[in-house]
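> The chain contents come next:
Number of protein chains: 2
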Amino acid sequence: MIYLDNAATTFPKPENVYLAMDNANRNIGVNAGRGSYKIAQEASKLISDTKTQLRQLVHADSSSSVIFAPSITIAFNQIINGINWISNTTVYVSPYEHNAVARTINKVAIEKNLKIKQIPLDENTLEVDLEKLKYEFSKDKPFAVFCTHISNVTGYILPVSDIFCESKKYNAITIVDSAQSLGLIELDSKNINADIICFAGHKCLYGPFGIGGFINVTNVPLAVFLTGGTGSDSLNLNMPEGRETRYEASSSNIVAIAGLHAALECLDITCHREKERQLTDYLICQLSTIDKLKLYLPKNKDNHIGIVSFTHEELNSEDLGKILDEDFDIAVRTGYHCAPYIHSFLNDKQFLGTVRVGVSQYTSYEDIDALAKALKDIND
Amino acid sequence: MIYLDNAATTFPKPENVYLAMDNANRNIGVNAGRGSYKIAQEASKLISDTKTQLRQLVHADSSSSVIFAPSITIAFNQIINGINWISNTTVYVSPYEHNAVARTINKVAIEKNLKIKQIPLDENTLEVDLEKLKYEFSKDKPFAVFCTHISNVTGYILPVSDIFCESKKYNAITIVDSAQSLGLIELDSKNINADIICFAGHKCLYGPFGIGGFINVTNVPLAVFLTGGTGSDSLNLNMPEGRETRYEASSSNIVAIAGLHAALECLDITCHREKERQLTDYLICQLSTIDKLKLYLPKNKDNHIGIVSFTHEELNSEDLGKILDEDFDIAVRTGYHCAPYIHSFLNDKQFLGTVRVGVSQYTSYEDIDALAKALKDIND
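Residue numbers (the numbering used here), protein chains in the order written: chain A, 1 to 380; chain B, 1 to 380.
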């Protein structure tokens, strides 16, 4: 199989991730706990070390809280339901948001009477229109701004730093979704003006499923959304006060954390970015030579990496994906990719969404050649 | 190390659980999806097969929904926040509930104006007083009843079937926490009168961390609590209608599910129950011969399995646990075990909670001998 669905999850992972998980399963697969017996303490230390790795990765200092959750989706639920919203205020979201944000803010906006507005996009370039955004903010000031760093549909790198810089003029709370970026391109919490960075372990960080979370860089106060056992302060019917523990109900998934720890140990952002930039260029170059395809790319190629979406003028995306799988053993993802807003701009609904190709550090040029050859064969 | 903290998580797991997880990581570690490429479909089939195993385990038919969550804690959050509560009604909880229930219902009761009452306990037997419960129900009828099947503090098997039978006379919603029972003793959804069975993969089922959930036996309507991508109906800003998908936001943890699947394949409840019953008897017998210990047991030994809590008249539980770890390499759990209510009945706060011993199918008589010898040495 040629795997090109890396935007859903990177696959495979580095060998040491598999080994670390198996080792954790066999040797420290217990319930972590600081005041407890030795291997439970070892498990706790691994958790704390992994949090340190994540802080270092985004250049956050030790005052920033790192909260582990079983997934970035759960993290967004905790944040969006936890923000101390004021009714009748406006929350801005990029048109590239994933349903982890879009569905969650949609639900909370109804409950809390919030207005949701989209960050303006230039339909021709498929890039954010910063001037128009400034105007929008001045007319209707932002209370909070959600922005994905890299689109999981088009691979567009959004100008998060500029958007958040503008947001901060209105003291808005700024939250970045780094699911498709952390580990692939630089994300400096100090430069980006993000109050909160949400991360997924299983994508560009090359960790496993089962671990994600958020870095509360500026310690935005969040009401408790999820409750449960914390192994501490057990007689208290409220979640304990600890700035991380307060948001971490239930047993830690030490096996997944061990996998993430191993992934972070061998992560080389510079190398990954360079490799994916070259693969992406090559992918675009190859696909551009094929008839009947339409590629959905941001205008400026410097704002693009890792993911390419396209449609075929005669086959809908679902059928095309099926042919690629069944006749050529090539795995791509087709449809709307859990991103509800952007398809109005891509105008791809007549094709049932796009065919999405996502590369990783394990993708080869031969993989891309095979995809291009398959698409040509289908055309013939 | 002698591991006796199996009530926190069973450790080790069967070899085939480790192998299945490593295999899933290496071979089907992708984002599941029914309409997608072959290994994504394989992942989906594994999920669906595991749900079938769970339905069979509790003798539920195919009309019952099985919802996967990353943990039983998340499952309880979904249920307790999702029930269509009516204000000023009464919810009953057993005094043995875990904080996954206790903290969550405490939060929701404040938001929804509910009254929380405890199921009456006989202080002398440490068992539920069913006659008193009937009286309580008649005075103040239950809207919902939460009952853990086996206490994670004392190993007491609660009379869930009787409690729920009585609850159903008032049409109450009945929810059982099977974290410490499913896989260890029989749980027949048809006999037990439970509307919802919550389960943890990583305890008596011998699966890994990262997978739990609930079986909505009678399909109690639940409002959506967690939102996010489902890989389906992506343009819909609400969660899709599918009776399971609706509650399963975010990528499935296929590695953890593969582990649970393997665990269920080799699960033998009869064998586990018999082994743990004998180990528990032996444990009680050994501990009973040791001076200065007080054991907290239900009166009727038929209502007891797997877990024994005790205190020492001269050492607080924390210190005793530390000595067992540091001087004897024996791992037990000490404190309040995330069970906030029961300690008023145990009267163990002067000891900082209890020392808890939990056995598993991998516990040996020699492990128990070593614990008994250590405790005697400490006394000498």
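Errors might be hidden in some of the hints.
Each pair may be met inside one copy or between any two copies, as identical chains are not told apart.
What the hints assert, rightly or not - Below are the DSS-like pairs computed for lysine-lysine, each with C-alpha atoms no more than 30 Å apart in a straight line:
id	residue 1	residue 2
1	K117	K275
2	K168	K117
3	K168	K373
4	K117	K292
5	K294	K139
6	K275	K190
7	K275	K301
8	K38	K376
9	K132	K112
10	K294	K38
11	K112	K275
12	K134	K373
Just so you know, these hints were derived from the structure itself, not from any lab. For clarity, every value in this text was computed on a predicted model and none was experimentally measured.
> At most 30 Å between C-alpha atoms: does K294 with K139 qualify within a copy, between copies, both, or neither?
Classified as neither; 36 Å inside a copy, 70 Å across copies.
> When Cα atoms must be at most 30 Å apart, do K275 and K190 count as within-copy, between-copy, both, or neither?
within (26 Å within a copy, 57 Å between copies)
> Are the CA atoms of K117 and K275 at most 30 Å apart within a copy, between copies, both, or neither?
neither (36 Å within a copy, 61 Å between copies)
> Since the copies are identical, ignore which copy is meant and state whether K168 and K117 lie within 30 Å (CA to CA) inside a copy, between copies, both or neither.
The answer is within: 17 Å in one copy meets 30 Å, while 47 Å across copies does not.
> My question is about K112 and K275: at a cut-off of 30 Å on alpha-carbon distance, are they close within one copy, between copies, both, or neither?
Classified as neither; 44 Å inside a copy, 53 Å across copies.
> Checking an output row: K132 and K112, CA cutoff 30 Å. Within, between, both or neither?
within (27 Å within a copy, 43 Å between copies)
> Indicate which option fits the pair K117, K292 if close means a Cα-Cα distance not exceeding 30 Å: within, between, both or neither.
neither (35 Å within a copy, 67 Å between copies)
> From the Cα coordinates, with 30 Å as the cut-off, is the pair K275 and K301 best called within, between, both, or neither?
Within one copy only: 15 Å inside, 65 Å across.
> Quick one: K168 to K373, C-alpha cut-off 30 Å, is that within a copy, between copies, both, or neither?
Classified as neither: same-chain Cα gap 48 Å, cross-chain 64 Å, threshold 30 Å.
> Since the copies are identical, ignore which copy is meant and state whether K134 and K373 lie within 30 Å (CA to CA) inside a copy, between copies, both or neither.
neither (45 Å within a copy, 73 Å between copies)
> Which holds for K294 with K38 at a C-alpha limit of 30 Å: within a copy, between copies, both or neither?
between (58 Å within a copy, 26 Å between copies)
> Is the C-alpha distance from K38 to K376 at most 30 Å within one copy, between copies, in both cases, or in neither?
between (59 Å within a copy, 22 Å between copies)
Hint check: violations occur at hints 1, 3, 4, 5, 11 and 12; the rest are consistent with the structure.
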